[in-house]
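Visitor: Construct the complete structure from the given sequences, taking the supplied hints into account.
There are 2 protein chains.
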Amino acid sequence: MKSYDQNLASMVQELKKEAKVLGSLTGEEKNRGLQRVIEALESEEETILQANKEDLEKARRAGVRESLVDRLALDSDRLTAMKEALREVIALKDPVWSSGKTWTLENGLTLSKMTVPLGVVGIIYESRPNVTVDAFALGFKSGNGVLLRGSSSALNSNRALVGAIHRGLKAAGISPKVLGFIDDDRRELVLEMLHMKGKIDLIIPRGGKGLIDFVVENAKVPTVETGVGNCHLYVDAEGDLSMAMEILKNGKMQRPGVCNALETLLVHEAVAEAFIKKLSQELEGVTLHGCELTEKYISVEKATEADWKEEFLDLILAVRVVKDLPEAIEHIDQYGTGHSEAIVTNNYQHAQAFQRKVDAAAVYVNASTRFTDGGAFGFGGEMGISTQKVHARGPMGLEELVTTKYIARGEGQIR
Amino acid sequence: MKSYDQNLASMVQELKKEAKVLGSLTGEEKNRGLQRVIEALESEEETILQANKEDLEKARRAGVRESLVDRLALDSDRLTAMKEALREVIALKDPVWSSGKTWTLENGLTLSKMTVPLGVVGIIYESRPNVTVDAFALGFKSGNGVLLRGSSSALNSNRALVGAIHRGLKAAGISPKVLGFIDDDRRELVLEMLHMKGKIDLIIPRGGKGLIDFVVENAKVPTVETGVGNCHLYVDAEGDLSMAMEILKNGKMQRPGVCNALETLLVHEAVAEAFIKKLSQELEGVTLHGCELTEKYISVEKATEADWKEEFLDLILAVRVVKDLPEAIEHIDQYGTGHSEAIVTNNYQHAQAFQRKVDAAAVYVNASTRFTDGGAFGFGGEMGISTQKVHARGPMGLEELVTTKYIARGEGQIR
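Protein chains in written order, with UniProt numbering: chain A, 1 to 415; chain B, 1 to 415.
Hints are not guaranteed to be accurate.
Note that identical chains are pooled: a pair holds if it fits in a single copy or bridges any two copies.
[Said to hold, decoys possible] Simulated crosslink set (BS3-like; lysine-lysine; CA at most 27 Å straight-line):
id, residue 1, residue 2
1, K113, K17
2, K170, K357
3, K93, K113
4, K209, K249
5, K197, K220
6, K83, K357
7, K199, K209
8, K209, K16
9, K199, K177
10, K209, K220
11, K309, K17
12, K113, K101
13, K197, K209
14, K357, K197
15, K199, K309
16, K323, K16
17, K177, K16
18, K199, K20
19, K199, K220
20, K302, K101
21, K302, K323
22, K17, K323
23, K197, K309
24, K17, K177
25, K83, K323
Honestly, the hints are just simulated from the structure, not real lab data.
Guide: Here it is, written out as structure tokens:
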């Protein structure tokens with residue numbers, strides 16, 4: 001028997017108990033809770049922004065670069081967006097106790113596969129405080145107790161947000177203990193959390209590769225890997241080149257720091273010259289790392305093996321000319337992380353083959369990879385984007401936060 | 001980089017490659033393969049039975065008890081049952097490339113959540129050679145490469161069965177490499193297998209608690225825990241006592257060694273005397289371990305805390321008198337393993353509450369827990385019965401052996 005940190009152990013125990021109560025609430029009751037949380041975020045806006053200011057000052061004093069400070073920052077608009085996300089979750093159908101399948105055996109026994117909450121879901125995340133509210137909302141609506149472990153850089157902001165959520169729940173007559181928050185930035189508590197098998201049902205890490213790898217390596221609790229996205233755009237010989245350029249610009253430049261941004265461009269050799277020659281002008285500010293064939297058309301840094309593997313998360317694009325669709329698919333197979341992949345083509349067979357053969361959470365024909373996102377998909381936010389195949393794949397919304405239970409109703413059937 | 005056993009590493013590499021080809025076969029092509037496998041099992045029956053005889057002799061020489069030798073034994077009838085199971089799998093709908101959900105975003109982008117094979121599925125199992133055929137059939141039909149690691153006690157039988165499957169596949173023009181078989185009983189190969197993250201997509205252990213715990217403790221590859229079943233029957237005050245007795249006898253005596261057999265009987269105090277007094281006569285041959293209140297009505301061994309936790313897998317039953325439904329649910333909560341639980345009642349509210357509140361893969365009202373089984377549920381066999389909540393819960397059939405992929409079809413949509 002491991003000796004867990006006493007506070008964490010008792011918090012999780014209470015969380016598990018209260019999660020059972022939460023799991024039996026009706027959709028209406030849960031929505032009333034979420035509504036009260038919106039009101040609490042509203043009335044505590046000043047406190048929250050003040051707490052966030054402390055985090056920002058601390059980050060700036062520590063010399064954190066401004067793009068990261070920005071990820072941490074809250075303002076009235078961002079709080080409004082959080083409340084909007086809560087309203088979207090309220091509007092979603094209750095995911096609990098519905099049946100995808102009901103059937104009757106030859107002996108008359110009726111079986112239903114019903115959705116039920118997982119129990120306790122743990123989220124380990126970095127920086128952005130809006131994850132605090134998103135993760136709570138989706139976990140709560142799906143009837144799960146949620147245990148949050150944010151980053152120490154956002155500790156004040158998260159503490160204020162969780163405080164508001166707790167008061168909102170209380171106002172709705174729901175135990176605030178359904179949302180646990182590790183208000184302690186000792187790293188060993190993450191490890192304790194990862195070892196709480198049987199106490200926590202699922203842990204979702206949201207953050208950089210270092211965090212994800214640490215979690216996957218050390219977890220005894222089931223986990224879902226999220227987020228690492230080495231995403232490709234393949235421009236087919238029969239692709240519309242101006243459409244391809246718009247999709248490329250959107251994928252690379254609109255928000256380069258996110259996991260569904262493009263990292264590598266693959267171009268069919270037949271359209272390579274026409275397409276690649278335009279890159280320097282169209283992708284202003286983007287550094288290109290190109291293969292040898294790319295260098296025939298424009299002057300670029302020479303791409304190395306490391307470039308094909310890299311998730312730049314920055315204004316850098318790797319470019320490779322391929323001889324056909326199979327070579328493009330092979331490249332994606334070898335270097336992709338199974339996140340989001342796109343083709344631009346007007347050829348029906350190429351579109352079909354790309355969709356069937358590329359092994360990723362989301363595969364796009366003639367559209368931007370930037371859509372791989374719980375909000376964009378209409379899930380009212382997301383718990384992360386799974387890049388594994390087991391349990392969930394792609395943006396995790398309410399459906400990915402429930403499990404199932406077979407219910408059998410009989411009249412004395414035996415075998 | 002770990003250095004895997006060379007043979008295993010290259011087998012898994014080939015398996016992954018061939019699994020991709022398998023994943024794109026049509027349902028018809030896969031069914032033709034399964035049909036050829038049936039024919040091969042037919043024509044190689046003598047070789048298989050001879051190989052099995054060697055295993056049986058080895059087991060008897062080693063002094064293995066007869067009930068375990070029986071689990072290992074094959075005969076013409078059991079081979080017929082295997083072929084029957086293959087025919088059932090042929091009759092099932094192809095689980096690959098169907099969509100549970102297709103919708104269109106406001107910008108016109110159409111999304112479909114499509115089913116796709118997991119890739120490579122590993123099964124680590126003990127004793128029964130029919131698992132070899134079942135696991136292959138379900139894995140194959142769902143488009144997955146399957147890697148089998150059976151027990152050393154069944155090595156000859158498994159080798160002969162896999163040989164027949166390989167020849168059947170070859171006759172159908174399908175690469176036999178889609179079924180990998182670890183023909184080597186060194187224990188360290190199991191550990192190697194558990195560490196092949198990115199090469200094997202899912203590992204399912206089927207066997208005793210020791211095996212399951214070893215797998216869960218050591219795996220880096222995602223796993224599904226299966227099989228440990230401490231199952232309860234609760235006889236409510238408003239239950240039909242003769243129905244309850246039939247369900248109890250079926251659950252305890254029909255096949256005590258399986259995971260869906262009953263281990264503990266909980267009886268409401270109002271019917272305890274009437275029900276418990278009949279136990280000795282009705283459950284002939286079953287040893288009873290009872291609580292203090294049970295001892296008021298019949299003479300039994302005193303039940304200890306260990307009895308409530310025990311999966312006897314034998315003709316032993318723990319008996320406890322409870323004061324009401326909540327106490328029964330609390331007992332199940334504390335000692336159950338989340339496998340199969342049953343209530344016998346004619347009270348509507350009690351039936352509802354039991355189904356909602358008991359946290360298990362399968363919850364029965366007025367029926368035997370013995371039905372929790374892929375075959376009985378109509379899944380054409382099973383890959384194991386998941387007792388975890390993540391990915392799959394309950395009997396794992398074709399639906400649990402696929403993952404999903406979002407397909408987006410657009411006309412140039414960007415964010």
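Visitor: Decide, hint by hint, whether the structure agrees.
Guide: Tested hints:
Taking the closest pair of Cα atoms, K113 and K17 come within 27 Å of each other only inside a single copy of the chain (24 Å); across copies the shortest separation is 34 Å, beyond that limit. For a Cα distance limit of 27 Å, the shortest separation of K170 from K357 across copies, 24 Å, qualifies, whereas the shortest one inside one copy, 50 Å, does not. Taking the closest pair of Cα atoms, K93 and K113 come within 27 Å of each other both inside a single copy (18 Å) and across two copies (18 Å). In this assembly of identical chains, K209 and K249 lie within 27 Å of each other by CA distance solely inside one copy; the values are 25 Å within and 54 Å between copies.
Taking identical chains as interchangeable, the C-alpha atoms of K197 and K220 lie at most 27 Å apart whether they share a chain (6 Å) or sit on different chains (15 Å). Proximity of K83 to K357 under the C-alpha cut-off of 27 Å is found in neither arrangement, the shortest distances being 40 Å within a copy and 32 Å between copies. For the identical chains of this complex, K199 and K209 are neighbours both inside a copy (26 Å) and across copies (19 Å), given an alpha-carbon limit of 27 Å. Only between protomers do K209 and K16 lie at most 27 Å apart by alpha-carbon distance; the minimum there is 25 Å, versus 29 Å within a single protomer.
For the identical chains of this complex, K199 and K177 are intra-copy neighbours only, at 15 Å inside a copy versus 40 Å across copies, given an alpha-carbon limit of 27 Å. Taking identical chains as interchangeable, the C-alpha atoms of K209 and K220 lie at most 27 Å apart whether they share a chain (19 Å) or sit on different chains (16 Å). For the identical chains of this complex, K309 and K17 are inter-copy neighbours only, at 21 Å across copies versus 44 Å inside a copy, given an alpha-carbon limit of 27 Å. For a Cα distance limit of 27 Å, the shortest separation of K113 from K101 qualifies both inside one copy, at 6 Å, and across copies, at 17 Å.
Taking identical chains as interchangeable, the C-alpha atoms of K197 and K209 lie at most 27 Å apart whether they share a chain (23 Å) or sit on different chains (16 Å). With identical chains, the CA atoms of K357 and K197 are at most 27 Å apart between copies only, with a shortest distance of 21 Å across copies and 36 Å within one. For the identical chains of this complex, K199 and K309 are inter-copy neighbours only, at 18 Å across copies versus 37 Å inside a copy, given an alpha-carbon limit of 27 Å. In this assembly of identical chains, the alpha carbons of K323 and K16 lie at most 27 Å apart only when taken from different copies (25 Å versus 56 Å within one copy).
In this assembly of identical chains, the alpha carbons of K177 and K16 lie at most 27 Å apart only when taken from the same copy (9 Å versus 45 Å across copies). In this assembly of identical chains, K199 and K20 lie within 27 Å of each other by CA distance solely inside one copy; the values are 13 Å within and 37 Å between copies. Taking CA atoms no more than 27 Å apart as the test, K199 paired with K220 passes in both settings, with 11 Å inside one copy and 20 Å between copies. In this assembly of identical chains, the alpha carbons of K302 and K101 never lie at most 27 Å apart, being 54 Å within a copy and 43 Å across copies at closest.
Taking the closest pair of Cα atoms, K302 and K323 come within 27 Å of each other only inside a single copy of the chain (19 Å); across copies the shortest separation is 77 Å, beyond that limit. Taking CA atoms no more than 27 Å apart as the test, K17 paired with K323 passes between copies only; the shortest distance there is 22 Å, against 59 Å inside one copy. Taking identical chains as interchangeable, the C-alpha atoms of K197 and K309 lie at most 27 Å apart only when they sit on different chains, with a minimum of 18 Å there against 34 Å within one chain. In the homo-oligomer, the alpha carbons of K17 and K177 lie at most 27 Å apart inside one protomer (9 Å), although the nearest pairing across protomers, at 48 Å, exceeds that limit.
Taking CA atoms no more than 27 Å apart as the test, K83 paired with K323 passes in neither setting, with 49 Å inside one copy and 47 Å between copies.
Hints 6, 20, 25, counting from the list given before, are not met by this structure.
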